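Novice: Sequence:
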Amino acid sequence: MGFVVNHRLPKVALDEVLDQLEIGQLPPHSRVGICAGGPVEETRGFVLHSTDWKTEGSLVVCDDIALSASLDVLKESMAGRGPRDALLAMGHASWGAGQLEEEIFRHDAWLLAPASREIVFGADYAAKWRQALASIDLDPVRLTGQTGHA
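When the letters of the sequence shown are read in order and numbered with the numbering used here, they come out as residues 1331 to 1480.
Source of the hints: derived by calculation from the structure; they are not laboratory data. Careful: at least some of the hints might be erroneous.
Under the rule of at most 30 Å between Cα atoms (straight-line distance), these lysine-lysine pairs were calculated in the DSS-like manner [said to hold, decoys possible]:
hint, residue 1, residue 2
1, Lys1341, Lys1384
2, Lys1405, Lys1341
3, Lys1405, Lys1384
Given the structure is predicted, the values throughout are model-derived calculations rather than measurements.
Build the full structure now, drawing on both the sequences and the hints.
Specialist: Structure, rendered in structure tokens:
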């Protein structure tokens, strides 16, 4: 399972989701964003959040990032007791058994970068792609969509 974190949805969408869940509105200073997490189950929300807040169902992804599928994280954020950073991903990406590994290792279809709190929760969605590339010392100018033989 994976999540797209750089396709921002408008704040209006976050307010609508919270209204539908009858949670109310987040405080103005809240650091909860919303993104289109992927093409699978686009009406289901998953919350990526900082590890300073966890519940029994939270899955720690790395030192600074956890994943929760419970409404508790949003409810606690409403009350000002939630995680420092959170990103509500609507939908996710998924692969069949062995499919992602094949895409990564056999077809070089993916560039791998370490997970980073700054990138995942950063407010500048347009910069996330470049920041991820910079974290693995890649300049996007050097990338090409062309394939072939040298």
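Novice: Taking the earlier hints as the rules, which of them does this structure contradict?
Specialist: As far as the earlier hints go, not one is violated by this structure.
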